[in-house]
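S.K.: Chains as they are written, first to last, in this note's numbering: chain A, 1 to 199; chain B, 1 to 262.
Simulated from the structure, these hints should not be mistaken for laboratory data. Among the hints, a few may not be true.
Unchecked claim - Per label pair, the in silico range of CB-to-CB distance:
(1) A:A22 to B:G181: 37 to 47 Å
(2) B:P57 to A:D72: 40 to 50 Å
(3) A:V184 to B:R34: 20 to 30 Å
(4) A:D14 to B:P227: 50 to 60 Å
(5) A:R75 to B:D35: 17 to 27 Å
(6) A:E183 to B:D195: 18 to 28 Å
(7) B:R34 to A:Q155: 20 to 30 Å
(8) B:P57 to A:E120: 52 to 62 Å
For each residue, glycine too, the CB sits at the ideal point set by N, CA and C.
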Amino acid sequence: MTAQRDQATAVVADGVAVRFAAGDESALREAYDQYGSAVLHLATRLLRSRADAEDITQAVFVSAWLARDSFDPARGSLLGWLLAITRRKVIDLVRVQQRAERVEDAIRRQPEPPPAASAEEVVEQLVVADELARLPDDQRRVLELAFYDDLTHQQISETTGLALGTVKSHIRRGMAAIKRRWEVDDAPSGHRAADSARL
Amino acid sequence: MRHLDTEQLTLLAFDEPSQQTTAAAHLTSCDTCRDEVAELRRLAGVVAHTRPLRALPPPPPRLWSAIAAQAGLAEAATGTAAAPSGRTSDAAASPDAGSGPRGPVRPTDNRPPAAAGPARQRRGLAKLALAAGVIAAVAAGAVAGVWWDRPPQPTVLAAAALTAYGDTPASATGSADVVAGNRLRLHVAGLPAVDGYYEVWLIDPDTMKMFSVGTLGPGADGEFSLPANADLAAYRLVDVSAEHFDNNTAHSGDSLLRGLLT
Chain A
1 MTAQRDQATA
11 VVADGVAVRF
21 AAGDESALRE
31 AYDQYGSAVL
41 HLATRLLRSR
51 ADAEDITQAV
61 FVSAWLARDS
71 FDPARGSLLG
81 WLLAITRRKV
91 IDLVRVQQRA
101 ERVEDAIRRQ
111 PEPPPAASAE
121 EVVEQLVVAD
131 ELARLPDDQR
141 RVLELAFYDD
151 LTHQQISETT
161 GLALGTVKSH
171 IRRGMAAIKR
181 RWEVDDAPSG
191 HRAADSARL
Chain B
1 MRHLDTEQLT
11 LLAFDEPSQQ
21 TTAAAHLTSC
31 DTCRDEVAEL
41 RRLAGVVAHT
51 RPLRALPPPP
61 PRLWSAIAAQ
71 AGLAEAATGT
81 AAAPSGRTSD
91 AAASPDAGSG
101 PRGPVRPTDN
111 RPPAAAGPAR
121 QRRGLAKLAL
131 AAGVIAAVAA
141 GAVAGVWWDR
151 PPQPTVLAAA
161 ALTAYGDTPA
171 SATGSADVVA
181 GNRLRLHVAG
191 LPAVDGYYEV
201 WLIDPDTMKM
211 FSVGTLGPGA
221 DGEFSLPANA
231 DLAAYRLVDV
241 SAEHFDNNTA
251 HSGDSLLRGL
261 LT
């Protein structure tokens, strides 16, 4: 029952990516509702200025929409693609700011400190969090107890009432699903970087 | 040599090796399985860090309006005009009516037929894409002079969504339209009070050269004349600053709103 519902959710979510690529305007809104906070989070972690991070978020969704032809849902997730564009735009913005600082300091405030976090780390955390949220309820719950609450498999079994063997199999399946997604979206990517470089 | 299965690898990665002595022994002699366990452990570390990311705060509502407008969505085009009757009930039910989501309803009503529409629209929008947002500075050389053919409002040659800059409260917003006849139309809202006046600038973000377009009354809209030879492909950053009565005609350095013309 639960598994069925979550399976349906996954299909709908993938549907957003497909409709996005196909140019369905409602898919842009859904993608924004689903991933706007993740894009803003990445930009905020990489930039010191909140205003810049919001500008980047806006530019990411506009550019992604206008370049939707170059997004292939079969090659990676929509979130992974959006985050790759975000990184690219942050890099471009920092370059522009550095150049601007050299030429004219009149309207700039204090020089900004270097980025606060590694983009790779934040991206893989966001992708993994997204995949975790898509897991069937039982698997997700077991993984949360294991990772967030540091419970042993035995303790998870006692807390949830699931048999120990079931706990282990949930962990194995959940981790396998997350790992697949992690490898697809975080692969040191030639093609995604190339896509976003054109934006 | 027979490799470990996924279950064994996963359990090893989770530091419960006590029940896995045979498997643990295998690791000492097998690089493939050892690498696999190391990968899973690294992934486990990533998963453990995802807790604060599961309920991230959404972006401020005004961002969507700007995205919808810049992306050329039908809902943005109709958002400022009278809403079609079919839309009204949706808007009433939606917390951010006007720019809000319309669920799965397909906006085919406001779009040209698919065959002719997307191709034509795409051509104009693809150029816009290059200029969208802050990245425009990099691509500007390639798009200089192309935004004049932007559909669908022929009188607006370029537009910018203005957002709060620096320490300005995020509630401050605005928009700027360059219209035919070298006019800049400005609308602002939520500007913080200043002890002097507001001044409007056009800046070339590549060089940070700028010129003043004029002064703006307190919180009002304004329309300004631009020099006929103004190079809006270069001077494309609209800036509203807080100025003091200090006999200094240069930019105070205190920008309140900014946005790129696209």
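S.K.: Decide, hint by hint, whether the structure agrees.
M.R.: Structure-based check of all given hints:
{"no.": "1", "hint": "A:A22 to B:G181: 37 to 47 Å", "in the structure": "holds, 39 Å"}
{"no.": "2", "hint": "B:P57 to A:D72: 40 to 50 Å", "in the structure": "violated, 31 Å"}
{"no.": "3", "hint": "A:V184 to B:R34: 20 to 30 Å", "in the structure": "holds, 23 Å"}
{"no.": "4", "hint": "A:D14 to B:P227: 50 to 60 Å", "in the structure": "holds, 52 Å"}
{"no.": "5", "hint": "A:R75 to B:D35: 17 to 27 Å", "in the structure": "holds, 25 Å"}
{"no.": "6", "hint": "A:E183 to B:D195: 18 to 28 Å", "in the structure": "violated, 57 Å"}
{"no.": "7", "hint": "B:R34 to A:Q155: 20 to 30 Å", "in the structure": "holds, 28 Å"}
{"no.": "8", "hint": "B:P57 to A:E120: 52 to 62 Å", "in the structure": "violated, 23 Å"}
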